[in-house]
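Peer 1: Chains as they are written, first to last, in my numbering: chain L, 10 to 251; chain C, 36 to 267.
Note that these hints are calculated values from the structure, not bench results.
Backbone N, C-alpha and C fix where the C-beta goes; we use that ideal spot for every residue, glycine too.
Don't take each hint at face value.
[What the hints assert, rightly or not] What follows is a set of in silico ranges between Cβ atoms, one per label pair, in the way DEER data are often shown: (1) C:P263 to L:R240: 48 to 54 Å; (2) C:D85 to L:D208: 44 to 50 Å; (3) C:P263 to L:D135: 34 to 40 Å; (4) C:P179 to L:H196: 42 to 48 Å; (5) C:R197 to L:H113: 31 to 37 Å.
[Unchecked claim] Only part of the chain L face toward chain C is listed, based on derived beta-carbon distances under 10 Å: (6) G104; (7) C106; (8) F107; (9) D112; (10) H113; (11) A116; (12) D118; (13) A146; (14) L202; (15) R226; (16) L243.
Chain by chain, the residues:
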Amino acid sequence: MMNNERHGRSSALAPEKINSIRGGGAAICDQASLYSRGDFASLLAICHRSVVSGGMNTGKAQAQVALVTALRSVSEGDEAALRQVFDQTSAKLMGICFRILKDHEEAEDALQDVYLSVWKRAGSFDPERASPISWLASIARNRAIDYLRSRRSHGTAVSDEEILTVADERPDALAVAVAQNDSERVHYCLSTLEEQARDVIRTAFFEGLSYSALAARSGVPLGTMKSWIRRGLLRLRTCLQA
Amino acid sequence: MSDERSLAAEYVLRLLEGEELIEARNRIANDPDFAAEVRWWEARLAPLIDEVAPMTPSPAVWQGIARRMGSAGAPLLSLRRGLKRWRAAALVSAMAAAILLMTNLRPDPPVQPSRSTSVQPAPLLLASLAGEEVPDALTIAYRPQSRELIVSPARLEAPTGRSRELWLIPAGGQPISLGVVATGVQRRTIPASVSNLMVAGATIALSDEPSGGSPSGQPTGTVLATGPLSAV
């Protein structure tokens, strides 16, 4: 499918590429060399994103390395490391939960679940596949949506976040790097959509509404809502791939 | 019918419900191209998170995490990484602890105040499946109160083109499919009609089936492992 072209191009960082990254002189990449061999590749993926793509300043990249390192410690049972992850990310994740749930107390309950889930699942985080904050944000968004849906009807919500861990283990560091490089691209591509499609796609992302909830809110038939969004998503995909 | 080309994005946005959602989940478990497309969308949409304003949670949040973390034991997935050959007994106890935590992660339905004088914890059913080839194939936990099934495959490698399917075999009854199993912890909700049969003493079995699961609704391939459900 379309994404294999990108994935297939290169899944590992070639030595000359590593040299060029290191030659870039970013302090963060020197820091990477301090880590053990196993971690080195992961941290180089961050260097790749931060330096080659040029889309990230050193401070932000350093924060990412700290987060990746802390998540690794969490996966080994280090409670202090979880606290570090919490301190570094809880305000952002709380913002995500609150935006979806619109209830302070419930958002805090969801947030607790998020970090307990991180405590259990930090070992499944792969820095070559996602940036740590994207990984955490995705857990928070999914958990908050689980809360939202179980609020409406008990027993129907199955956590999609668990299911995502099932996906295969094909390395796609480059795909992540490319996405990072184009971090502005999704904003741009959304702006090219018709207003109607753009608004509902944004609402779906930020508020976690399902097709039926979006249709009810907009007062249009379910089929109409689906066709607005599907048409918008296909255009979005074409733009994101360009 | 869902549009093939937008399904992954719809899944990532969590627009899907009902059959379309089930279809997408099956595809993730069984179709690597589709799973890759899901990840592609996740990575592409993730930067939108930048737009969300941060909000400091109250100190009670960390306190709650620290309290619950203490009773949770060691992280689950580091087991998968480091120690591939656990003995079945050790695995079951570790899984039981982990599963107890995971079931607590779900929001509970509100407790009826009228019965609050002595609230019993919801019973939990566990089954550890073993077979000749796979002595510690998987562990399942089932919480009847929420009809929630958690499946934790320990050693499960289906050959290409084959799937592993989980079955409930009520005492003296026909097998009922509990769905296809993939390599990772999975959580699903069981229909009420099946839940009534998920009782201590029933048998849980794992069979080898064509990709996507048995086409007939009954096991067609080799039974790889079985184990009884028992209350914890």
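Peer 1: With reference to the structure, classify each hint as holding or not holding.
Peer 2: Comparing the hints with the structure gives:
no.: 1; hint: C:P263 to L:R240: 48 to 54 Å; verdict: holds (52 Å)
no.: 2; hint: C:D85 to L:D208: 44 to 50 Å; verdict: violated (19 Å)
no.: 3; hint: C:P263 to L:D135: 34 to 40 Å; verdict: holds (36 Å)
no.: 4; hint: C:P179 to L:H196: 42 to 48 Å; verdict: holds (46 Å)
no.: 5; hint: C:R197 to L:H113: 31 to 37 Å; verdict: violated (48 Å)
no.: 6; hint: G104; verdict: holds (4 Å)
no.: 7; hint: C106; verdict: holds (9 Å)
no.: 8; hint: F107; verdict: holds (5 Å)
no.: 9; hint: D112; verdict: violated (12 Å)
no.: 10; hint: H113; verdict: holds (8 Å)
no.: 11; hint: A116; verdict: holds (8 Å)
no.: 12; hint: D118; verdict: holds (7 Å)
no.: 13; hint: A146; verdict: holds (5 Å)
no.: 14; hint: L202; verdict: violated (13 Å)
no.: 15; hint: R226; verdict: violated (13 Å)
no.: 16; hint: L243; verdict: holds (6 Å)
Violated hints, in rising order: 2, 5, 9, 14, 15; the structure is consistent with all others.
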